[in-house]
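Can you make the complete structure from the sequences, with help from the hints?
Protein chains in written order, with numbering that gives the first Met the number 0: chain B, 0 to 525; chain L, 0 to 122.
There could be a bad hint or two in this list.
Claimed, not checked - Lysine-lysine pairs mimicking DSSO-like chemistry, simulated, CA-CA at most 30 Å apart:
1. B:Lys346 to L:Lys65
2. B:Lys311 to B:Lys109
3. L:Lys56 to B:Lys195
4. B:Lys53 to B:Lys109
5. B:Lys324 to B:Lys111
6. B:Lys311 to B:Lys346
7. B:Lys102 to B:Lys311
8. L:Lys56 to B:Lys53
9. B:Lys346 to B:Lys324
10. B:Lys311 to L:Lys56
11. B:Lys324 to B:Lys305
To be verified - Quick look at which bits of chain L chain B covers, simulated, 3 or more residues with Cβ under 8 Å:
12. 45-55
13. 60-70
14. 76-87
The hints are simulated quantities; they were obtained by calculation from the structure and are not laboratory data. Just so you know, even glycine gets a beta-carbon here, dropped at the ideal spot from N, CA and C.
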Amino acid sequence: MDFIMTTQLIKPLLISALSASLLACGGGSGNDGSDGGTSSGWTPGVFASSSQFKGQCNALDEKNWLRSWSNETYLWYDEITDRDPASIVGVIDYFHTLKTEEKTASGAEKDKYHYAIPTDEWQQQQSGAGINYGFNFKLLRSAPPREVVVSYTEPGTPASAAGVRRGWEIVAVNGVDMINSNDVDALNNALFPSSKGVQTDFTFKLIGSNEERNITLTTSDFVRDPVMNVSTIATNTGNVGYLQFNSHNDPAERQLYDAFNQMLGSNISDLVIDMRYNGGGYLAMAAQLGYMVAGAYNTDGLVFEKTIFNDKHPTINPVTGQEIKPYLFIDEYLGFEPDSGVSEGTKLPSLNLERVFILSSSNTCSASEALINGLRGIPLARGFEVVLIGGKTCGKPYGFYPTDNCDTTFFTIQFTGENHAGEGEYGEGFAPENFTDPEFSPVPVTGCAVADDFTHQLGDKSEAMLAAALSYRATGLCPTPSTAAGLKGYAVQSSASEMGLSIGDNRVQTQMQNNRVLTPLPKELN
Amino acid sequence: MRKFLLHSLLAALTLATSSGCNSTVNQDELRPALLTEPSQQEVATLVAQALNTQGVKVREDVFMQKSSLVLESPPFTDAQGNPLMGKQLEMPQRFMLLTDGQLCYLQHLNSEQLLPAPTLSCR
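Shown next as structure tokens:
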């Protein structure tokens, strides 16, 4: 599990805990969320328009709205078991039933992304990165004996100025033992701060030694750099470009534009894009990146991703009311940041490559997976290849439009995507073809399973994933994994958590915090 | 720049139509602006008004170093630590601070809406 220190963690299991607070919306009628045994007028399989119930903030109408809205827009609406809204007391509990109960090929939940959040929390849209210490970390083991490791620092922050490095292990915060302490609240409060100006004493253990270093850092809204470590690696068979791409966010457009222009001048014959910590963002930016990698010859006129809603909406987006148009590969600057210094419509640079190496992990998600899928959709005749090095990706081809009703914002899967070849079923992610884990059935991609290597800096050609990419490029062979975890692409194989002692991001609200520490660890932690 | 001028023209028309007053903004005089002093709360209020939403967070130094503001989805993540909104189809909400030399204006680029910002001081 990778945590950027700005994130707020939501888990489906937490939703029930919110019911009591979320039900108190609107009317002031003493509504306790119960239908009081009144008849709901429910007729199985018959759905009134959701607009009939929108904004009617009593429990029955809220549930009727959810039922109709789900029937109208949920991607797998025909897999929902239609239940009487009066048969389930809580609104959020009822929402929890409005999803498919189908399983994937490996037996996992088909829909892992079903959320409700108080609207006032969700509507706090913001500029900047949120609150952080200027470095990012991974919880390799969140329960004792915990292992929390710096994944990378943000340039220009006090953390980087103090020399905090990828691979340093956080062994204590404010004097509390990170590895074995039972004081979960103290650990969570230090790792996941909610406000600026929070001062924390970190004790780090340095890479490959028992030396420790104490550094005091203060939270701020440090800007996250989405593109880092742009470099050229000289090899006997030509120059290889490398860039670390962390987020499809608005500053990334200009930074990608500059990075590709820089590499254009470096006679690049291959490219490694390090997306192991890229959880996605704007789909259009992924379509731009696809063009900058593969160029006009490979992408001209091709669909990058076709957005697909449920079969009631084959042509019109049911949320925006606009015609559904496929995203083509995009060859021009869009201006995510209005005054970035590059004009909208400017032609993007392209390396016109025949293949790309992508470094991946379970935090390679959503728009990042769309890039992999979009490039894999290029017709075979054009000869483009995606080589995946690292771990299995997260498996989230889906998306949603957050929708408010009665002070709650709901997230239900509404769309998925397909590439030019009509491929889009990667709900268990993509994985290098030698990935071995019977618990998952990812889509195999040419490449090598390699664990995240915290003993080397990102962009260092000795770092295991990058080294494997360079080696595979030279020989066509994958490195022999030293551990079973390596063959799964895991940094550490997690052990079962000790209930109640797992740490995690708990900044959403108190009701969630209580559930958060009790939530079992995900099977895959990195 | 071509799009910026178009935005400005449309925004001026929008302002003239929506304000119902006799004066209009001369789009030729509008130019990107910076604030003369930090105005975090005032900007947040104006942005929330433009988006018809309950609340918006902006940085303390909003419009102090650059004339643009881009809002992103809140940084909620799922159980794996990945962004909830990892696949966004729409462009982010984008704003520009403009001035005609006398008054400040907040332009919402997505909607072409131009809001007078009398509580702000621009340069």
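Hints and how they fare:
{"no.": "1", "hint": "B:Lys346 to L:Lys65", "result": "holds, 24 Å"}
{"no.": "2", "hint": "B:Lys311 to B:Lys109", "result": "holds, 20 Å"}
{"no.": "3", "hint": "L:Lys56 to B:Lys195", "result": "holds, 13 Å"}
{"no.": "4", "hint": "B:Lys53 to B:Lys109", "result": "holds, 28 Å"}
{"no.": "5", "hint": "B:Lys324 to B:Lys111", "result": "holds, 27 Å"}
{"no.": "6", "hint": "B:Lys311 to B:Lys346", "result": "violated, 37 Å"}
{"no.": "7", "hint": "B:Lys102 to B:Lys311", "result": "holds, 23 Å"}
{"no.": "8", "hint": "L:Lys56 to B:Lys53", "result": "holds, 27 Å"}
{"no.": "9", "hint": "B:Lys346 to B:Lys324", "result": "holds, 21 Å"}
{"no.": "10", "hint": "B:Lys311 to L:Lys56", "result": "violated, 37 Å"}
{"no.": "11", "hint": "B:Lys324 to B:Lys305", "result": "holds, 7 Å"}
{"no.": "12", "hint": "45-55", "result": "holds (count 5)"}
{"no.": "13", "hint": "60-70", "result": "holds (count 7)"}
{"no.": "14", "hint": "76-87", "result": "holds (count 12)"}
In summary, the numbered hints that this structure violates are 6 and 10.
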